[in-house]
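S.K.: Chains as they are written, first to last, in this note's numbering: chain A, 1 to 792; chain B, 793 to 1071.
Quick caveat, the hints were computed from the structure, so don't treat them as lab data.
Don't be surprised by glycine CBs; every beta carbon is placed ideally from N, CA and C.
One or more of the hints may lead you astray.
[Claimed, not checked] Footprint (simulated), chain A over chain B, 3 or more residues, beta carbon under 8 Å:
| no. | segment |
| --- | --- |
| 1 | 877-888 |
| 2 | 975-982 |
| 3 | 1056-1066 |
One letter stands for each residue in the lines below.
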Amino acid sequence: MTGPLSELDRPNSYIGRAVPRADAARLLAGRGKYLDDIRLPRMLHAVFVRSPHAHARIKAIDTEAARAMPGVAAVYTGAEIAEHCTPWVGVLSHLAGLRSPPQHSVAVDVARWQGEPVAVVLARSRAEAEDAADLVDVDYEELPPVLDAEAALEPDSPRIHEGYDSNLAWERKVDVGDIDTAFAAPGVTVVERTFRFGRHTGVTLEARGTVCDYDPGEGVLTMHYSGQAPHMLQVILSRHLGMAEENVRVVSGDVGGSFGIKVHTYGDEIACAALSKMLERPVKFVADRQESFLTDIHARDHVVKARMGVDAEGRIVGIDMDDITGIGPYSMYPRTSAIECNQVLNLTGAPYMMENYRARGRVVFQNKTLMCQYRAVGHPIAMAVCDGLLEDVARATGRDPVELRRLNLMPDDGYPRASASGMKLADLSHQKTLEKLVELMDYDALRRDQEEARARGVLRGIGLCSMVEVTNPSPAFYGIGGAPIASQDGATCRLDAGGALHVSSSVTEQGQGTNAILAQIAADRFGVPIERVKVTTGDTATVPYGGGTWASRGAGIGGEAMLLAADALKHQVLEVAAALLQAEAGVLDIRNGTVVDATTGAERIALSDLARTVYYRGNELPPDLKPELIATRHYRVTDFPFVFTNGAMATHVEVDAETGFVKVLGFWVVEDCGTVINPMLVDEQVRGGVVQGIGGALYEECLYDEEGQLLTATMADYLVPMAAEMPDIEVAHVETPTSTSVLGAKGAGEAGTGGAPAALLNAVNDALAPLGASIWQQPMTPERVLRAMGRL
Amino acid sequence: MKAPDFAYARPADLGAALALLAEHGTEAQPLAGGQSLMPMMNFRLAAPEILIDLSDVAELRGLERTRDTVRIGAMTRYRDLEDWPDLGGTLPLVAMALPHIAHDAIRNRGTIGGSIALCDPAAELPAVMRVLAAEIEVAGAEGSRRVAADDFFTGFYETACGEEELIVAIHVPVAEADRVYGFHELAQRHGDYAMAGVALSALSPNPIRSLRAAFFGIAATPVRLPDLEAALEGLTACEAQAAVTAALEGLDLLADTKASADMRRHLSGVVLKRALEAM
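Kindly generate the complete structure, drawing on both the sequences and the hints.
M.R.: This is the structure in structure tokens:
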């Protein structure tokens, strides 16, 4: 090879490469250490007695028979636990007007959803605890359940909370421009649709759980937790158990998926912490699959009435929408259940130029499982509403949906700018991603295929979505509203005596490869082979302080902190090297674990020699040299509330006209997440996200009967998408690095989930168009599709 | 989800198994492949005091072909049938149905006798056995008897097998040279319980001659309607679809989160038409 080394060819160039994950082999070999693998001496198993009713007064609880069962150590009611654990309130000050009453870890007096814990049994084994839990006798007085979010707002609806004048938790209105005048203008075509988005949930492979271990000798509580935000939980435990923060340690080991499910405060987990303290014994709780369906947060549950108007040229003049979303009986603590609705209002229409935007969102209490932030918070709603209306307009006005997007997307050279809803946008590439998508999917060929299929009586459809994704949140997301959630993250790099790099970070690994990209960044910037980087995350006792991994912030924020720390350590190491070698630090570099001459590449001193000199033979150093072979840096986003990413995706479907089955024939994604640190991991994030989006659009739904009983509490009744039905998902990238950081990485974790439902909705409606039929409800089950076609 | 405490017995022969059944009565539950029973116990929907594991009962094993019948021992696993090289030529309808039964892991453990004994409304094999006019051999203290498949599936998870009897084997007539066989089911995901399915045999599929058809996944037990079969004589597959939908009017069909009764009635016509057209 001739010429200078490119960025990707130099030694230890890992950023941008598909470096295999160091932990993949370990996890596939079954050597992962998940929560349920933890077994501590004297450990008790907690089993919760859960309300069988959606809404019921707890008149009395008789625990005597349960206490007498073999192996049982204790039985407690909600009221007894409440003496050791204070209730919480899931509101934030920047969501003005949001209200939610105090919520106990275990219900006191009234149970407000089927599955809410009302008592707990602690026994030697889970089986013995379940036997005893069957004998806890709870005397319930059933109360009328409030289930439908729209009906819950009717003045004559039963109330869920005493002292509240209605079941409304929060309302937000946005009014920009003059939508009524815009829609009434001559030549404007207005389409109106009512969208219904069912509830679904995360279905993590590893269920939620905790092992809490209170050590009375030191007065320290250790919570092992399968989750995403250890430092957040540390504060929460401190607050509600009345302990100093430094006496609470939260440790997150291997986590088998989270998707936002594991970033919230669950009463059963907090109760285990209280119980461990009360009993001075370790307490384990791992949700079984039925408990997961009943108590993991659910997502979506929106009814949106929306209108879009376009002028005679096809330019969007505005969107008018009204969103009602049901959140269960409480706003989830501490992130609240209003953020999803808030996001829907913030994001609807954000890819497009428009002057007028009116939106109203109402967040409503109901007697169902709590609804809260799940992967791609609010995005699938916002994208399906806007792009669903856009393609509806295309059909109504006889325009091609790609042409309509070309006309309306924000131009790539027009940033920074703001969306109609006021979101600050920068470094986006809607036009480039759309054009690349059209090429990738061969749009024209698919249209020809569609025509041929229609001639044969086969219903095929093509649907697209242009989208934005909220990533790298700044303090404006939670911190500003008083939530104990760090918006900055820290990273530490330490050079050890053997020349290896030990790094730690406050972002967390849930199976997506966070640790892998942290190692890539550290090795790349510092200059060691990646095998010589050891990564620690997830332990509040050892890692820097920070927020964890959620809202697609691990790479963008945690990664940037790691980059800054690695750069800082390199600078410090080169200063030591300069002193040892009697050279200028500026002429030295670190490559492959060795300090070299920057211009010639000649080896000067191995890092291990340098480190051993510093650690063992300080006598050889100049007396005024005070080497620091450790560096810590923190990073937060300062210029923007969020770093938006964008993408374009499309799908090709076939609708079976006789059965209503939707077969996904192909799926294409062009994503712009800025700097791609590991293309293999990003592509799999996108694919996994698309599959979850397909799940929400076609399969997954938490259904309740009229009594508020969950009908889909097993894997046979709740349909997750399976490999056999999934299409090939082609992924391509446009890279527009964010100017907010050196690394330039934006988040990539949620795009697929955010955009896929819109693309599928559009594709199915495109397929149904020749029949004059359309569907606006997700999931688009066979029966709903057939009914939309009028064939049932 | 842990099962309540239970006792466990593993008798070595049929006599011992029947004796245990007689001794414990309704408190006992025979255990075959466990693919339905174990989840039900873990959900605490079933709580037998004693499980009688049939794995070691030699009389329940084996796959034997005589001149015009195959004897399938009750403890034969789906996998054993799939691996039997003669299956396609001997029992083509069974071969068509097997890939639709759940997933590999379940077929590795699940048994033919277990499926027949459970009589799940969505199960494929009860319908297949009705179409093939198989006989189910059950044994009790009084000896053994054979029940025609048409008389065996009596209700929602109910069969003609007595509480102190065990299914020993299923005797299935081998394929008749002049008949053709068809199978179709509709499930949103491969391996799921069908929203509607049909197994059938005929002398000619399209137009229909001498049809035997059993629908599954639509009612408490596999549905065979002799009047409908007669009425379909001479019709095309397309014409048969509407006739099926009409014939199911008024029947008590299943309704759940996946499909209403109307949807199941509609899909029944579709699966019959598709099965016929594919033959």
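S.K.: Tell me whether the statement that chain A covers the segment 877-888 of chain B is true, taking a Cβ distance below 8 Å and needing three residues at minimum.
M.R.: Violated: only 0 residues of the segment 877-888 of chain B have a Cβ under 8 Å from chain A.
S.K.: Under 8 Å between beta-carbons, do enough residues of the segment 975-982 of chain B, three at least, approach chain A for the coverage claim to hold?
M.R.: holds (count 4)
S.K.: Just to make sure I understand the rule, a stretch counts as covered if three or more of its residues have a C-beta closer than 8 Å to a C-beta of the chain. Does the segment 1056-1066 of chain B meet that for chain A?
M.R.: Result for this restraint: holds, n = 3.
In this structure, the one hint that does not hold is number 1.
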